[in-house]
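We have chain A; now place chain B onto it with these hints.
Protein chains in written order, with the numbering used here: chain A, 998 to 1484; chain B, 718 to 975.
Simulated from the structure, these hints should not be mistaken for laboratory data.
In this text the structure is predicted, and so the values were computed from the model without any measurement.
All C-beta atoms, glycine included, are put in the ideal place defined by N, C-alpha and C.
All the given hints hold, so there is nothing to weed out.
Pairwise CB distance ranges, derived in the manner of DEER restraints:
id	chain 1	residue 1	chain 2	residue 2	range
1	B	P861	A	L1174	35 to 43 angstroms
2	A	N1234	B	I973	51 to 59 angstroms
3	A	E1317	B	R840	35 to 43 angstroms
4	A	I1461	B	P903	55 to 63 angstroms
5	B	D753	A	G1190	41 to 49 angstroms
6	A	A1142	B	E904	52 to 60 angstroms
The calculated lysine-lysine pairs, modelled on BS3-like cross-linking and capped at a C-alpha distance of 27 angstroms, are:
id	chain 1	residue 1	chain 2	residue 2
7	B	K866	A	K1239
8	B	K760	B	K918
9	B	K845	B	K866
10	B	K844	A	K1134
11	B	K845	A	K1127
12	A	K1403	B	K844
13	B	K844	A	K1476
14	B	K845	A	K1476
Just a few of them, taken from the derived set where beta-carbon distance is under 10 angstroms, the chain A residues facing chain B:
id	residue
15	G1377
16	G1388
17	Q1400
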Amino acid sequence: MSDTTSNGAIVKHERHEDLPPPKSEVGMYGWLYHNLLHPWYNAVLTLIGGAISFLAIWAVLDFVVFGAVWSGEGREACQTEDGALIHACWVFVDARFSQFMYGFYPEVARWRVDFSFLLLVLAAVPLFLKDHWTSGKVGLGVAGAATVAVFVLYGPWPALITAFMMFAPHGLRFNRLGALLPRSDDNALVGFGVRAALMVLGGIAGYYIGGAIIGKNEALSLGWMSLFMTFGLVALNRATVKAWIAFLLIFIYPFAAFLLWVGDGYGLEYIETAKWGGLFLTLVVAGTGIAASLPIGIVFALGRRSNMPAVRTVSIAFIELWRGVPLITVLFMSSVMLPLFLPEGVNFDKLLRALIGVALFSAAYMAEVVRGGLQAIPKGQYEAAEAMGLGYWQMMRLIILPQALKLVIPGIVNTFIGLFKDTTLVLIIGLFDLLGIVQAATTDPKWLGMAVEGYVFTAFVFWIFCFGISRYSMHIERKLHTGHKRR
Amino acid sequence: MSETSAETAKMQVSDEAAIEISGMHKWYGDFHVLKDINLTVMKGERIVVCGPSGSGKSTMIRCINRLEEHQRGTIIVDGIELTSDLKQIDQVRREVGMVFQHFNLFPHLTVLENCTLAPIWVRKMPKKDAEEAAMKYLERVKIPEQALKYPGQLSGGQQQRVAIARSLCMNPRIMLFDEPTSALDPEMIKEVLEVMVDLAKSGMTMICVTHEMGFAREVANRVIFMDEGEIIEQNEPEEFFNNPQSDRTKLFLSQILH
Chain A
998 MSDTTSNGAI
1008 VKHERHEDLP
1018 PPKSEVGMYG
1028 WLYHNLLHPW
1038 YNAVLTLIGG
1048 AISFLAIWAV
1058 LDFVVFGAVW
1068 SGEGREACQT
1078 EDGALIHACW
1088 VFVDARFSQF
1098 MYGFYPEVAR
1108 WRVDFSFLLL
1118 VLAAVPLFLK
1128 DHWTSGKVGL
1138 GVAGAATVAV
1148 FVLYGPWPAL
1158 ITAFMMFAPH
1168 GLRFNRLGAL
1178 LPRSDDNALV
1188 GFGVRAALMV
1198 LGGIAGYYIG
1208 GAIIGKNEAL
1218 SLGWMSLFMT
1228 FGLVALNRAT
1238 VKAWIAFLLI
1248 FIYPFAAFLL
1258 WVGDGYGLEY
1268 IETAKWGGLF
1278 LTLVVAGTGI
1288 AASLPIGIVF
1298 ALGRRSNMPA
1308 VRTVSIAFIE
1318 LWRGVPLITV
1328 LFMSSVMLPL
1338 FLPEGVNFDK
1348 LLRALIGVAL
1358 FSAAYMAEVV
1368 RGGLQAIPKG
1378 QYEAAEAMGL
1388 GYWQMMRLII
1398 LPQALKLVIP
1408 GIVNTFIGLF
1418 KDTTLVLIIG
1428 LFDLLGIVQA
1438 ATTDPKWLGM
1448 AVEGYVFTAF
1458 VFWIFCFGIS
1468 RYSMHIERKL
1478 HTGHKRR
Chain B
718 MSETSAETAK
728 MQVSDEAAIE
738 ISGMHKWYGD
748 FHVLKDINLT
758 VMKGERIVVC
768 GPSGSGKSTM
778 IRCINRLEEH
788 QRGTIIVDGI
798 ELTSDLKQID
808 QVRREVGMVF
818 QHFNLFPHLT
828 VLENCTLAPI
838 WVRKMPKKDA
848 EEAAMKYLER
858 VKIPEQALKY
868 PGQLSGGQQQ
878 RVAIARSLCM
888 NPRIMLFDEP
898 TSALDPEMIK
908 EVLEVMVDLA
918 KSGMTMICVT
928 HEMGFAREVA
938 NRVIFMDEGE
948 IIEQNEPEEF
958 FNNPQSDRTK
968 LFLSQILH
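Chain A with its partners taken away, still in its complex shape (with noise of 0.2 angstroms):
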């Protein structure tokens, strides 16, 4: 109701009642109706499309799955009675299955893997959870569940190891060493120093000591081991049960995998690295190389955007270098070309040089994604830190890093999921990973024909992973989410 005032004012007095909206605004029906009804063409297409679409897929579904056979004896169990292959033969997968898993490598031996893939997991299962389920009781009886897990299925030794990861985290939460050293506020050079040759001491100590009691071979990982150690010993200072899972995970548990994996040791037998294969191999190449080139993607995209001439040059010369020539030539160089140029009798293994290889390129990629990050985050955030006092590092660690990578999130997923998929070219230089060994199974003679069932299998794989990196990016996504569209 308006009214005009005696002074002209025009003056609404009443609120107006909130109504129901119209019934083609909202529900199922407006949702039909909108998108599938309205106007009358739109409903002719969609029945159009519909009849396409369940067409399509029908004749895909029926050839996968419906139509397909899942069990059997050989090649014959999929022919029809005059011989053709008409539908899929999921026999083939099947019969090869170990195969594609861990390629060549020894059935006796498989366990290892087996363990080394489940102790990742159980000791990456606390970081994933809420913090009261990681420490205290709860955390510790899980390490023991776990434990004694390990050791009814692996033996003594695979539960050592596993304590080890499990329980450790719990009790390095009281270290206190690096609170004994000189701060390195106080004199940046002193503190640094004797950090490093604690480090070194540290390396030195285990080399020695562990290759004296366990055996030459293993004694350079094992002095790599109790560098990295010493190092955590010294740096993490206070820091949480999760912080020293994550170390653990990033700095011991690669080498203790590897120690696993080549064997040589422990009573363990050799297994030279040609022999690994399938989606084991493509694990280890794609594990490595997305674990290794997030750090050194950061570091050189720093570098990029530094005020020195020298480390900015350098890290352009970097990026610039990896990123301008394909993956495949790297893959060559490392495996035909490096050796030439190494003086007779050093040998690198050629998986060791593919890993290196395939880091350095993704780090390449993962530089520009971050510096893209970092380049978006205002200028007030770092005039914010440095005004408070703090130092690069800090701010670069507590401030522009946390909100540049978070930024770049859809980025960095896209780089490993490329690289994931990218993995399959370790084929040119002879290394079966899951696509390659699963289309040197489709030449068998006794298996000819199966070519798309190979593929269609590999793809399958391929897609549940990176499936699974992309829904997991997501969640992550929404979990740092803080709602700051304002600043």
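For chain B alone, kept in the frame of chain A given last:
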């Protein structure tokens, strides 16, 4: 208002210098931004800097904590000279708090974490003590109930008050304010100014770049007018507003005091 201003003007100003700037020049490339700046700020003194945009007022106070580098002259803050020595810069920054026009809170941290970050990492304060201190300052700026929210969930005025509390958590001896109310809606300016007045009355050494002339009259001991990179005029607020000496000051005041 005039009574309170008389009262606050008498508030103790020590005869010790907190900041001494002498013969300071700064260039951006060819552009001479700051020309022969000489300014001594006593401990406990509250100074308001005003002037048209582009006059170098922000740049000047940003030189005081070395967010900007000066090329000639000396700046001595709390007895420490600002040179390219990183250690001395860090020492100065620990003692000098700064509040920005756009707040610059850290959006990925809660209000409480924003406040405790620097005390924990720069002052190496135990987390518990830092949190206690932070709550005390959040109470002082009247938003303790927002401690666990993220900055993006607060209004502009609340964010700026958090920014002030965040600076205070470092226990600074000097506070710099760079147009703290310019990005705020009119109804939020008051709540921020109240906090600043309260802070001024507690005897904090402050330099505020602001156009809030009411604030200047109420708490400042001195108003400084800058134009084209120079300090044109400085005086006590009453004199400055009622009896400006230079033509440029008169012109500026006529434009902002309608």
